[in-house]
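Okay, here's what each chain looks like letter by letter:
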Amino acid sequence: MKHGVVLFHTTSAALRAEKLTVRAGLDVKLVPTPRELSSDCGIALRFAWGEAARVANVLAAGAVEHEVHPMPEQG
Amino acid sequence: MIYLDHAATSWPKPPGVAAAMADFLATAGGNPGRSGHRLSIAAGRIVYDVREALAEWFGVADPMRVLFAANGTHALNVAIQGLLRPGQRVVTGGMEHNSVMRPLRHLQQQGVRVDVVPAAADGSLAPADFAVALHRGADLVVVNHASNVTGTIADVAAIARPAHAAGALLLVDAAQTAGVLPIDLRALGVDLLAFTGHKGLLGPPGTGGLVLADGFDRTRLEPLMRGGTGSGSEHEYQPADLPDRHESGTPNGVGIAGLGAGLAWLRERGLGAVREHELQLCRRLREGLAAIPGVRLFGPLEAESCVAVVSFVLEGRSVGEVGHRLDEQHSVLCRVGLHCAPAAHRSIGTFPAGTVRLAPGPFVTMAQIDTVVAAVAEIASS
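Heads up: the protein sequence lines correspond to chains A and B, in order.
Residue numbers for the first sequence follow numbering that gives the first Met the number 0, so the first one is 0 and each next one is one higher.
Residue numbers for the second sequence follow numbering that gives the first Met the number 0, so the first one is 0 and each next one is one higher.
Take the hints with a grain of salt, since some may be wrong.
[Stated by the list, open to error] So these bits of chain A aren't anywhere near chain B, every CB distance computed over 10 Å:
#1 M0
#2 T10
#3 A13
#4 L25
#5 D26
#6 P31
#7 L36
#8 G41
#9 W48
#10 A59
[As the list claims (entries may be wrong)] The list that follows gives simulated cross-link-like pairs (lysine to aspartate or glutamate, EDC-like), each with its CA atoms no further than 16 Å apart:
#11 A/K18 / B/E51
#12 A/K18 / B/D48
#13 A/K18 / B/D61
#14 A/K18 / A/E35
Don't read these hints as lab results, they were simulated from the structure.
Where a beta carbon is used, it is the ideal one built from N, C-alpha and C, also for glycine.
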């Protein structure tokens, strides 16, 4: 399954995002931030790419600053 | 042993506090926000959950506006030193603790203008006096929500109005009121609130924080400390994001876990029930002490105007002797002297000798209060 990953400026934002998305019934997982994308914050939120719009909506409603990316291919 | 020093630190803590701290060390010992592994995330979740619980407790929508600090003094310094610049003016009240007065007096030497609104002899502050002092404008008002010397509660909402009309921000020192009185930043009109975790909130020492109101312009607050945050690591400049901007260095995760358990106990018990219990204790204590010849009580007469702090002196006895005899002969633990608040003792006329301070907490019983009154009576008559 193709995954997406959400990046954040702070760990607190990542943890808030996890809570909000789990509460919204989304299947997410906190993972180490892929180094290809950023070194901004140590953890990122992985999700099923098909849910990208819902994830973005939940995070916007919770006023969590974030960036959504497709998960880079694992070498 | 009867512990009446809750204004210094609450003891004992609810049993869940030590359990949460032990559990944090045993099962979530990673460094929150520094790594991506499970122990780091587990620690981060605990810290975040307490941050969120505190935001809700203090009436703030954005949990990132709860900034953890080492204690109330640290939080006050984050606010005072982060906001004030030479040439600016700050107005404060006559019941402040040295955790406010010392940073203010230091900044006064750097060119900040400091004006103190006098307090009445019972420790109360008249909002009208603040309005007069604020006619000339100010950048910041700092006020102690309740005195650690007399317990007197300040009418923060009434001070907020003239403060904001003058264009000033309002910083409240909630060392004696967090976990004791209901505090909603929106309802009170507070811009910044400094709290300690180890008093009314029943957490361990080493915890506290600064809460920023949702409407407060966070760019006005410069960091007191800069350093590693686990975020923005490619940059050598401090990040702008909250809470990281003001939380450099590894946080006290184990303490914060304990603070979360203290807060959970309070929520379960109900703040109103704890307050009612402490009011009953203080009424009984004040009535008992007032009947002892030679006792002089300080603070307002009505218990409702105070948090659980009762200050007194005994004619012909030094406060040191009274405190020592309460401890040695009666196993009553309290604090005597100036309570780190010389300004407050000057206001109530007890500087430099100070007072004997009895400060009950949620686990103190009526029977213990009766024992304490009998002990003071015995010391007075001997």
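Now for the hints, and whether the structure bears them out:
With a least beta-carbon separation of about 21 Å from chain B, A/M0 lies farther than 10 Å from that chain, consistent with its non-interface assignment. Not every beta carbon of chain B lies more than 10 Å from that of A/T10, the smallest distance being close to 3 Å; the non-interface claim is violated. Against chain B, the non-interface label of A/A13 is violated: not every CB pair exceeds 10 Å, the least being about 8 Å. No Cβ of chain B comes within 10 Å of the Cβ of A/L25; the nearest lies about 17 Å off, and the non-interface call holds.
Interface exclusion of A/D26 from chain B stands, the closest Cβ pair being 17 Å apart, more than 10 Å. Against chain B, the non-interface label of A/P31 is violated: not every CB pair exceeds 10 Å, the least being about 3 Å. Residue-level check passed: A/L36 sits 12 Å from the nearest beta carbon of chain B, beyond 10 Å. At roughly 5 Å, the least C-beta separation between A/G41 and chain B is not larger than 10 Å, which violates its mark as non-interface.
Remark: the non-interface label on A/W48 is consistent with the geometry, its nearest Cβ contact in chain B lying 21 Å away (cut-off 10 Å). No Cβ of chain B comes within 10 Å of the Cβ of A/A59; the nearest lies about 14 Å off, and the non-interface call holds. Between the alpha carbons of A/K18 and B/E51 the distance comes to roughly 11 Å, so the proposed pair stays at or under 16 Å and holds. Using a Cα cut-off of 16 Å, the hinted pair A/K18 and B/D48 holds, with the two alpha carbons roughly 9 Å apart.
Simply put, A/K18 and B/D61 have alpha-carbon atoms about 14 Å apart, close enough for the 16 Å limit, and the pair holds. Taken as a hint, the A/K18 and A/E35 pair is broken in the structure, with Cα atoms around 25 Å apart against an allowance of 16 Å.
Taken one by one, the earlier hints fail for this structure at numbers 2, 3, 6, 8 and 14, listed in ascending order.
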